[in-house]
Amino acid sequence: MYKIAKSNLPELYKAIAGSKELYLPLENAGQVNFGPWSEDCTPDIETLKSVKSPKDVFFPQSENLYTCQKEGKNIKIDPEKLKDQDFVVFGMKSCDVKGVEVLDKVFLADPIDTYYAARRDHGIIVAMACHEPEESCFCKVFGIDAADASSSIADVATWMIGEDLYWKPLTEKGEALTSELSGLLSSDGDENKVEEEKQAITAIINKLPYSDLSLEGWDGDHFEEKFNATNWEELYKPCLACGTCTFVCPTCQCYDIKDYNTGNGTQRYRCWDSCMYSDFTMMAHGNNRNSQMQRFRQRFMHKLVYFPTNNDGMYSCVGCGRCVEKCPASLNIVKVIKNFGGDK
Amino acid sequence: MQELVNRAKELLADGTVSRVLGWKAGDMSYNPEPAYFNSAEELENFVYDGFCGANLSKYMIEASKLEGKTLVFLKPCDTYSFNQLIKEHRVDREKAYIIGVGCKGKLSVENIKAQGIKGIESIEGAGMNDGCDTLTIKTLYGDKTCSYNDAMLERCHVCKGKEHQISDEVMLESRDTKDAERFAQVEAIEAMTPEEKFAFFQKELSKCIRCNACRNVCPACSCRKCVFDSTKYDTAQKANVTSFEEKMFHIIRAFHVAGRCTDCGECSRVCPQGIPLHLFNRKFIKDIDTFYGEFQAGEDTESRGPLTNFTFDDVEPSIVGERG
Amino acid sequence: MSIENETFRPKIVAFCCNWCSYAGADLAGSSRLVYPADVKIIRVPCSCRVNPMFILRAFEKGADGVIMCGCHPGDCHYSTGNYYARRRMTLLFSMLDFIGVENGRTRVEWVSAAEGVKFSTTMNEFVEKITSLGPNVRLEDLRCRN
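Quick note, the sequences are listed as chains D, E and S, same order.
Once you know that position 333 of the first sequence is 333 in our numbering, the rest is easy, because the numbers rise by one and skip nothing.
Once you know that position 169 of the second sequence is 169 in our numbering, the rest is easy, because the numbers rise by one and skip nothing.
Once you know that position 69 of the third sequence is 69 in our numbering, the rest is easy, because the numbers rise by one and skip nothing.
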């Protein structure tokens with residue numbers, strides 16, 4: 001177990017940024033979101049949740065795929081370069097780390113998404129335990145441990161306890177990063193302190209209002225029953241069809257591919273799409289979900305039924321609670337689960 | 001609040017209305033949701049307190065298409081939106097039974113959290129019968145208090161007044177919440193240098209995630225197909241690929257509602273990134289007031305809006321450069 | 001910034017109404033009055049056809065300045081179109097000023113079919129103004145920079 005004083009963190013950021021890109025939670029105009037470190041940025045690791053999940057470090061909200069340029073009578077096509085430099089994501093919470101695992105199921109399954117795969121290969125995840133979980137959190141429901149990222153796909157697990165950050169490498173990548181930073185990290189971190197912190201976090205998690213939500217019946221066996229339920233007809237009504245829930249979500253992975261006319265060529269880019277939008281999965285023949293009720297149902301059926309059916313029971317919700325906090329109409333996945341009787 | 005439920009039950013029972021549009025209690029004390037109630041039993045979940053900020057006029061566009069009358073509860077500021085929607089023939093007055101409800105200022109849980117209060121288990125003091133003085137908040141990390149006014153939405157600090165512009169009857173007391181000048185923030189920005197203005201908006205708008213919540217919640221944004229959703233020509237944007245698109249979206253969004261925006265403040269309330277979107281709308285309102293005479297959208301259902309009207313001696317666009 | 005930079009040639013988009021200003025531009029041409037070739041004219045049926053989006057799109061696609069010309073107030077071919085256009089542009093320009101776009105990058109001028117001279121002097125002035133302001137940076141779309 002390593003450790004570094006909180007007051008030394010700026011030095012740590014600088015040291016990491018010296019050799020790699022560093023993404024961490026930054027405060028900008030009153031809100032905290034993950035962004036690239038720079039000399040004059042204001043890191044904020046106290047705020048529990050960034051507004052947007054850090055998924056866009058691996059799966060950006062929009063990314064160029066290739067550019068076509070007219071050159072006389074020819075057209076030049078430049079594919080976008082794949083990520084080839086290592087980078088570090090600092091301060092991801094357990095739920096967000098699990099979110100990346102969900103994305104892996106989608107983008108690293110055959111056919112592999114090379115843009116995403118390159119980012120995953122070069123990304124080093126430094127996870128951080130949730131010091132003071134909030135009422136909207138329900139990661140426990142999905143078997144995620146907010147107190148300890150050791151069993152996740154993170155490369156380093158950290159704990160912010162009082163005035164010290166405790167640091168524990170988990171993988172080879174994590175070990176390598178740790179040895180690069182050995183000048184700043186002391187190796188005398190007290191395991192007992194971390195144990196205490198873990199117990200404190202777990203105690204809070206057990207008290208959270210959503211922690212005892214039941215997911216019984218959300219599986220492939222109950223597909224028809226859930227799909228045809230009349231509950232949806234009432235549930236969707238307050239929905240404004242905005243994309244807030246999907247864009248703050250750490251696991252929503254639907255995207256659209258579009259062309260942009262630059263006046264002298266074309267940029268083909270992909271960007272996040274939202275199942276709440278009227279032109280979601282629009283095809284030449286029209287749209288196969290043409291009411292808001294169907295689109296609303298799609299979001300929750302995808303997270304709680306289709307995804308686990310196709311991925312050995314792994315839900316594509318991680319209980320981060322961002323949609324709970326941000327929905328303009330105060331609708332969310334928890335209310336949906338409770339409506340179907342998940343309120344034990 | 002119980003009197004609202006009782007009255008709603010009466011109107012349902014005597015067949016005056018077929019359904020009720022109001023707010024349903026959430027699973028936390030701060031997240032009630034807009035909801036339809038079809039029976040007396042369903043009304044048991046009805047709630048009306050400081051957290052019922054949603055403007056139900058927007059939902060009346062859809063409710064106007066349903067069979068029979070809908071009983072809708074409108075706060076004073078929501079009634080401006082309703083009037084405006086009547087003017088634009090987007091709602092049917094005959095399909096609505098409007099109970100104007102009093103308002104003591106609406107709350108934002110974001111403002112409470114901004115004071116470092118987290119792990120909220122329950123909030124007391126937001127009810128319509130409470131003193132609107134202090135909120136008592138029980139959290140996982142101890143009991144906290146927060147002043148009611150500090151937790152209030154920005155729009156309530158610059159309230160247009162607690163008069164209902166349209167209603168069939170009015171219930172519950174209101175409380176005057178205005179304690180700031182409506183155009184003060186706009187004036188502060190106008191006083192900046194172009195560089196400062198640019199930096200300010202660049203910083204705020206860079207947070208935009210293009211979720212379209214500001215557009216979709218807006219009672220004035222009632223187009224069936226938005227230009228930003230159109231797949232027919234390349235204005236559709238699902239993401240801000242460059243900073244230009246952020247500006248384009250927000251300028252056009254505000255421009256399209258200029259002269260129709262009642263300044264209900266829903267756009268700023270729902271923005272997940274806390275962008276002060278009302279500044280755009282309020283700048284247009286201020287300019288309209290200055291150039292074409294004071295105008296408050298939604299005060300009536302008949303008058304012509306400033307952008308569908310003109311006078312022979314309107315100011316020339318060059319005024320913008322000349323006023324310095 | 002680029003007054004010193006003599007190689008900077010601004011791109012100007014001029015929206016001209018079909019009935020007055022476009023004919024005015026035509027007259028300027030046939031009268032052999034000189035105005036810079038940097039001005040690209042887009043003919044519109046009426047100044048009222050100009051949607052605020054047109055102005056922003058012009059900037060997006062690389063314009064450094066945008067000018068809208070229409071019939072003099074009172075002379076609109078459709079009676080009142082330019083009165084509405086006047087209100088719209090006033091509010092739009094004020095908003096651009098509000099978000100920090102340099103003053104003077106946008107302009108409205110009323111040019112009749114007989115005013116070839118006015119068209120040419122207006123364009124000369126406007127090009128000079130935009131040249132002194134330099135390239136449009138605050139309303140540009142990086143993707144179109146090539």
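In case anyone wonders, no lab produced these hints; they're calculated from the structure.
In this text, a Cβ means the ideal position worked out from N, Cα and C, and glycines have one as well.
There may be inaccurate statements among the hints.
[What the hints assert, rightly or not] DSSO-like cross-link-like pairs, simulated, lysine-lysine; straight-line CA separation at most 27 Å:
#	chain 1	residue 1	chain 2	residue 2
1	E	K207	S	K129
2	D	K338	E	K138
3	E	K232	D	K258
4	D	K73	S	K129
5	D	K237	E	K87
[As the list claims (entries may be wrong)] Just a few of them, taken from the derived set where beta-carbon distance is under 7 Å, the chain S residues facing chain E:
#	residue
6	I42
7	M53
8	R86
9	G100
10	E102
Right, here's what the structure says about each hint:
1. E:K207 x S:K129: violated (33 Å)
2. D:K338 x E:K138: holds (23 Å)
3. E:K232 x D:K258: Status holds; Cα separation ~13 Å.
4. D:K73 x S:K129: violated (36 Å)
5. D:K237 x E:K87: holds (25 Å)
6. I42: Nearest chain E Cβ about 16 Å off; hint violated.
7. M53: holds (6 Å)
8. R86: It holds, given that the least Cβ distance between R86 (chain S) and chain E is near 6 Å, below 7 Å.
9. G100: Hint holds; G100 (chain S) Cβ to chain E Cβ min 3 Å, cut 7 Å.
10. E102: Holds, because the Cβ-Cβ distance from E102 (chain S) to chain E comes to roughly 6 Å (cut-off 7 Å).
When held up to the earlier numbered hints, the structure conflicts with 1, 4, 6 and fits the remainder.
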